[in-house]
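Take a look at the letters that make up each chain.
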Amino acid sequence: MSVITNIGDEKKKNLTTAKFQSERKVIQSSIVPIEAENIDTDQIIPARFLKATTREGFGKNLFRDWRYENDDENKPIQGFALNNKIYSGKILIAGKNFGCGSSREHAAWAIKDYGFDAVVSSFFADIFKNNALNNFLLPVQVSDEFLQKIFKVIKEDASTQIEINLEEQFIKLLSTGEQENFEINPYKKTCLLNGYDDIDYLLSIKDEIKEFETQSI
Amino acid sequence: MGKTLFEKIWKKHVVKEIEGGPSVLYIDRHFIHEVTSPQAFTGLNKRGIKVSRPKQTIATADHNVPTLDQHLPIKEELSRLQVEALKKNCEEHGIELYGLGHPYQGIVHVIGPELGITQPGMTIVCGDSHTSTHGAFGSIAFGIGTSEVEMVMATQCLLQSKPKLMRINVDGELNNGVVSKDIVLYILATISASGATGHAVEFAGSAIRSLSMEARMTICNMSIEMGARCGMIAPDETTFSYIKGREFAPAGTEWEKKLAEWKELYTDNDAQFDKEIFIKAEDIEPMITYGTNPGMGIGITKTIPTSSTINENDRSGLAKSLAYMGLQEGTPIRGQKIDYVFIGSCTNSRIEDLRMVASFVKGKKKAEGVEVWIVPGSKQVEAQAIKEGIDKVFEESGFMLRQPGCSACLGMNEDKIPAGKYCISTSNRNFEGRQGPNARTFLASPLTAAVAAITGQVSDVREFLN
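From first to last, the protein sequence lines stand for chains E and P.
If you're matching positions, the first sequence starts at 1 in our numbering and goes up one per residue.
If you're matching positions, the second sequence starts at 218 in our numbering and goes up one per residue.
Please keep in mind that the hints were generated in silico from the structure rather than gathered at the bench.
Among the hints, erroneous ones may be present.
[What the hints assert, rightly or not] Partial list, derived from the structure: chain E residues whose beta carbon lies under 7 Å from chain P:
1) I27
2) K51
3) G59
4) Y114
5) T214
[As the list claims (entries may be wrong)] Derived coverage of chain P by chain E (criterion: at least 3 residues anywhere in the stretch with Cβ under 8 Å from a Cβ of chain E; other residues may be distant):
6) 254 to 267
7) 298 to 312
8) 325 to 338
9) 403 to 415
10) 641 to 650
For clarity, every value in this text was computed on a predicted model and none was experimentally measured.
Every residue gets a Cβ at the ideal spot worked out from N, C-alpha and C, and that includes glycine.
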């Protein structure tokens with residue numbers, strides 16, 4: 001694919017080691033479930049926490065207002081999944097239309113910074129999906145039926161494990177062996193597997209962009 | 218086969234297509250603001266590169282700025298640092314900044330159109346989801362994340378997959394008391410908050426055609442609330458006469474040339490959409506939301522849905538939403554007490570919105586115990602309101618006219634609705650905590666917000682119109 005040939009070998013090597021570990025081709029982990037639908041980015045990270053000028057440190061405010069009563073860190077809301085010690089892991093699972101609302105990339109940063117490597121839902125809002133992919137946070141879209149199956153299995157066993165295989169594009173419930181394939185844009189898959197980002201690619205075609213500007217704009 | 222409006226503009230901006238992947242899309246205009254740009258500038262600095270096309274980049278400070286005493290230093294330290302960072306970054310990269318104190322400062326989606334920067338046929342992006350507003354001019358305009366802001370800064374391009382296409386037709390005549398905000402809330406209630414995900418939406422039909430540019434902007438603004446990638450309306454004489462003569466609009470022979478191009482921007486009769494929706498304007502009454510996503514709206518005379526009457530999309534969230542809102546299913550929304558009124562945001566803070574409110578409330582006083590904030594979308598809107606004496610009308614009604622900014626739409630600055638209080642708001646999102654932790658939001662039109670300010674409760678404006 002052109003994206004690979006356009007980036008120099010040295011750059012490829014640096015990016016691969018810096019941004020993405022090869023073991024992330026397969027994520028195997030227990031799951032944190034949030035069953036709500038239409039989870040908007042204001043819930044993921046409320047606007048009042050967007051005042052930083054760096055990308056780091058948003059994880060501590062992930063789902064801030066669902067986690068704490070009256071914004072008080074000493075009063076965790078017991079029923080909420082992130083406060084429930086029986087749940088842990090690198091995979092977040094949530095109801096449909098995850099990440100709707102504001103375009104704030106801080107939502108993807110917060111989820112990643114908290115320690116998640118993948119989010120599973122039955123569908124994602126467009127801007128969030130792009131933001132997640134640009135931060136090497138894998139959005140895994142499954143059927144509604146499979147999503148409900150995962151929620152059911154977690155209810156029975158909170159420590160149940162899931163395997164997400166990016167290379168082979170499947171998600172598997174390890175306890176039952178049930179699995180489903182998921183879609184991902186081939187270009188984005190290459191980026192994720194190799195640690196390339198869009199800016200590197202776009203910078204590599206600067207001359208073509210310049211020519212386009214001269215001729216078409 | 219003919220082409221849609223979207224396809225015509227998209228095709229003209231594709232630099233190249235990546236095999237099995239997205240397209241490289243050229244971006245004509247890039248708006249930036251203080252909240253979603255600092256990390257992008259840091260990224261550029263790390264790479265040792267400058268903004269590639271600073272003249273196609275326009276900056277303003279809007280999201281976290283105070284709306285009182287803007288001539289004083291910003292008290293809140295983190296907000297001040299963000300605004301200072303924007304100023305420094307714009308200076309270093311040669312970008313025009315309409316910051317605090319500048320006569321053009323304002324909400325990014327208000328100033329772009331009013332300065333004539335937003336034009337038909339363009340691709341326009343901003344690190345803000347309500348960039349869809351600019352689609353009202355017949356442009357492809359959409360919100361992006363900060364990594365994408367960095368991409369556009371670095372190369373004036375983005376990698377984008379072509380969305381599916383949807384057309385929403387609204388035909389017929391609007392009822393008295395029904396305005397463009399009601400149209401878009403009605404569409405949202407019909408197709409849900411995820412009804413247009415993955416689609417570029419074109420709004421068409423006689424009811425849309427009859428709207429002014431500012432009213433069209435309100436509709437395209439909220440296309441993101443349906444999940445749409447962008448919303449757009451084909452340009453026509455209303456569009457052209459709005460743009461003509463504005464600060465950055467083409468002039469002279471350039472105007473004639475552009476006008477000829479713009480007149481080609483329409484969907485051909487035989488063009489195909491992946492999905493098409495038809496709505497009768499006569500079916501729409503003044504709308505209001507009762508829940509915690511913008512798709513949870515009803516006509517003002519209706520009762521709050523029950524778990525058996527609500528559409529399937531919002532069924533599972535109904536109990537949680539109503540618990541948050543402190544409302545009961547199956548009860549009328551009319552008569553619900555309100556504490557705050559917020560008239561502002563990139564959805565409804567333009568001069569026509571302020572005029573609409575002023576002409577309704579003139580000679581009337583706000584209800585006891587209700588606080589009313591009017592936040593104009595820009596310094597130019599504010600100046601025009603003062604010129605027309607609208608500020609005096611508001612003062613006599615007991616409304617507070619504040620200074621331009623995003624304000625209580627998202628509560629990033631001090632303008633927050635206190636926990637548990639009800640606010641009727643002309644903004645775009647009623648999400649939990651959007652206007653402040655535990656604040657409760659009813660989304661409505663400026664007219665419906667205005668009548669609530671006078672009665673102190675959710676009311677049907679039609680009962681007060683002649």
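What hint numbers does the structure not satisfy? Failing hints, ascending: 1, 3, 4, 5 and 8.
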